[in-house]
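Listed below, chain by chain, are the residues.
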Amino acid sequence: MAAASGSNLSSEMEVDAFRRLFPLRFHERHLLQSIRPDGRTLGKARDTTIALGAVTSANGSALTKIGCTTMLAAIKLEVMTPTAESPDEGCIAIDFHMPPICSPIVRPGRPAEAAPVLAKQLSDTITSSGVIDLKELSLVGGKAAWMAYLDIYCLDADGSLFDAALLSAVAAFSHLRIPVVSLNDEGRIVLVSEDNGGGKLEKEPVNKEKRKLKLDSLPFSLTCILHKNYILADPTAEEESIMETLVTVVLDSSSQLVSLYKPGGPVPAHTSAIQDCVALTRQRLKELQKILNGAISDMEVD
Amino acid sequence: MAGKRGATPATYSPSLTTAKGKKKPPIFTDDANWVRSDGRHFHQCRPAFLRIATVNSASGSAYAEFGNTKVIVSVFGPRESKKAMMYSDVGRLNCNVSYTTFATPSRGQGSDNKDFSSMLHKALEGAIILESFPKTTVDVFALVLESGGSDLPVIISCASLALADAGIMLYDLVAAVSVSCLGKNLVIDPISEEEVYQEGSFMISCMPSRNEVTQLTVTGEWSTPKISEAMDLCLDACSKLGNIMRSCLKEPLSAPEE
Amino acid sequence: MEVEKELVTPGEVLGLGSDFKAGKGAYFSPDTKTIYASLTGFRSIIPPPIDATDQRPTVEVSGHKAHGAVPEPGSIVIARVTKVMARMASADIMCVGSKSVREKFTGIIRQQDVRATEIDKVEMHASFRPGDIVRALVLSLGDARAYYLSTAKNELGVVSAESAAGGEMVPISWTEMQCPLTGQVEQRKVAKVGA
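Protein chains in written order, with full-length UniProt numbering: chain S, 1 to 302; chain H, 1 to 258; chain G, 1 to 195.
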């Protein structure tokens, strides 16, 4: 009896059943041939799309898809009184949500463990990258400033959630249009309606010129799996569940390193592997910039 | 620092300067000649955009867009019921509806609609052949991306499409439509602004092919003739919506010949 | 494709109860004496067997996207053993027939359902170990907790197991498997291969 029972078993069942029972063996068979189950090469990211202005109830929004992973980011501007320490600065509050629609592992009332971790990572990345100058959010020094609520919803979770979430956040900021407002007699900020912007304005708008944020150096990221000597770019949820060592590299528009996450995992990363991940991210950065610029120019044509 | 919880100061959403002391929106006036803000006739529904299989991680899913009302529904299962559940010879249906924080004009308002989960459950349950998945549970989760009015009927119709997409056996699809009573007029498929000023609301969920009603809600002041008028309007709109839903389901199967 | 088939969705009329019997993806409503579709797919008609007393053809919905595999009494499943106790073993059902399930269903193999003979002498720990892959028959829907599974047939039982040393074990009899790395023999209720 030469054949092991496992291989006998594999010959009699359908491919997806084998994949379910012996996921690691299934994936390693593919890796040996330098191809992944979805037909990608190891270093290739999935098709990516960005649609700006997905929701009209927000001041800026974007829907992004990386493969099946889908994120909806929206920014709502509200008015706050700036703090005494920084009277001429606004604020950004970032939250990341995984509603039950996005994955079979999330149930109502039982939030996904990953959500708060990602929320923190996204918040750290966006604030530390200096992409937004908080002074740009100021309205009336010491009295009023914008609080930008950025909420990112995962609509379909199929791996590389951070990359898709960051991309949607950056795209939503690119889409953000700041409403024209004025300060009324009671000291409250009120909207100046667009249609009677002509003659009969009692109050001068306080932010006539600041309709768009100046975005300095946009951060883009790529997540890779380290498994044995393989590096897999932009993993799917299935790949992430089987091979658990992840490295996420964030670079800004000028290829400068913003942050790097390697949250543990069974494979310790050699510096050379990290360098390979950075190199893959550098390539990916160019792709993502092109896709975002395409989405922005599409919007301006409309 | 930005993004820090607890440190966030109290904020408010700036309102329009014209909102105060100016005339009420024309919706209020009893003038029979007013036009709806989106240009529709009183008895005209918004165009429906429907698509199935939008969430890959789910067993079935659907996206519905009626004007600014945008909803995604995912269906999971039939899958193992929660351990605490009693044994059941028939399948279970579990529903949950939630809103994004930006769905409504002022942040986080959508969480007011806590009753929508149980309303959705009751509207759908009668249409599902529960005997076809004994002991297991089918989960129907809805997320309102943007609230633009008539949210619940859109959620119900969208959920029924998602169930069909998941291959759950159904007696029929469920189509739902609502009507608002505004002064002398009945307006169908109302938008949020119209719902704010409505004196009464009427909603029907029905199985269009079986001609059976799964849910009917009436709130506010209604005269008997108005109710029967609303009923006729809704049933007619449900049957039209049902046809749109059927063509949406058939689309991927009617093989493209290119 | 011979004829253009009619596409139907749940609730669409397939025919009258007097003319047809309801097949899969279809149901008969006693109120309206009508057969309706319950799934999306193609309406198809299957002629009755020649010797059948009921000469009505069956109308069904074919080519539809059915929901994921769910265990049913009588189905053969592949499960991974998760826990072995004195009187039963529990296992996660991963495949029903040749189809994998999207999530998992919990099954239990009770002591009396491990093998067909000498059931009172069954030693659970000498039959299964956690991590083993077993082929089993679904006896019943079981209780609220789990489906009841049986391995009491020659072709049922452990089909794949790893030894303590991590080797893929080879069956050497219907009660024993051997580790190819160490030669160590371990006891199992082994499924007969190719039976």
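Please note that a few of the clues may not be correct.
[What the hints assert, rightly or not] So the derived list for chain H, only partly shown, Cβ under 8 Å to chain S, looks like this: (1) Thr11; (2) Tyr12; (3) Leu16; (4) Asn56; (5) Ile72; (6) Arg92; (7) Asn96; (8) Ala103; (9) Pro105; (10) Gln109; (11) Ser111; (12) Leu143; (13) Leu145.
Because the hints were derived from the structure by calculation, they are not lab data.
Glycine included, C-beta positions come from ideal geometry on N, C-alpha and C.
Evaluated hints:
1. Thr11: Given a least distance of 4 Å, the restraint on threonine 11 (chain H) holds.
2. Tyr12: Status holds, d = 6 Å.
3. Leu16: Holds, about 5 Å.
4. Asn56: Status holds, d = 4 Å.
5. Ile72: Isoleucine 72 (chain H) check passes; min Cβ-Cβ to chain S is 6 Å, inside 8 Å.
6. Arg92: violated (14 Å)
7. Asn96: holds (4 Å)
8. Ala103: Alanine 103 (chain H) check passes; min Cβ-Cβ to chain S is 6 Å, inside 8 Å.
9. Pro105: Holds, about 7 Å.
10. Gln109: For glutamine 109 (chain H), the interface hint is violated, since the closest Cβ of chain S sits about 10 Å away, which is over 8 Å.
11. Ser111: violated (13 Å)
12. Leu143: Check passed: Cβ of leucine 143 (chain H) comes within 5 Å of chain S, closer than 8 Å.
13. Leu145: holds (6 Å)
Figure legend: structure checked against the earlier numbered hints; hints not met, in rising order: 6, 10, 11.
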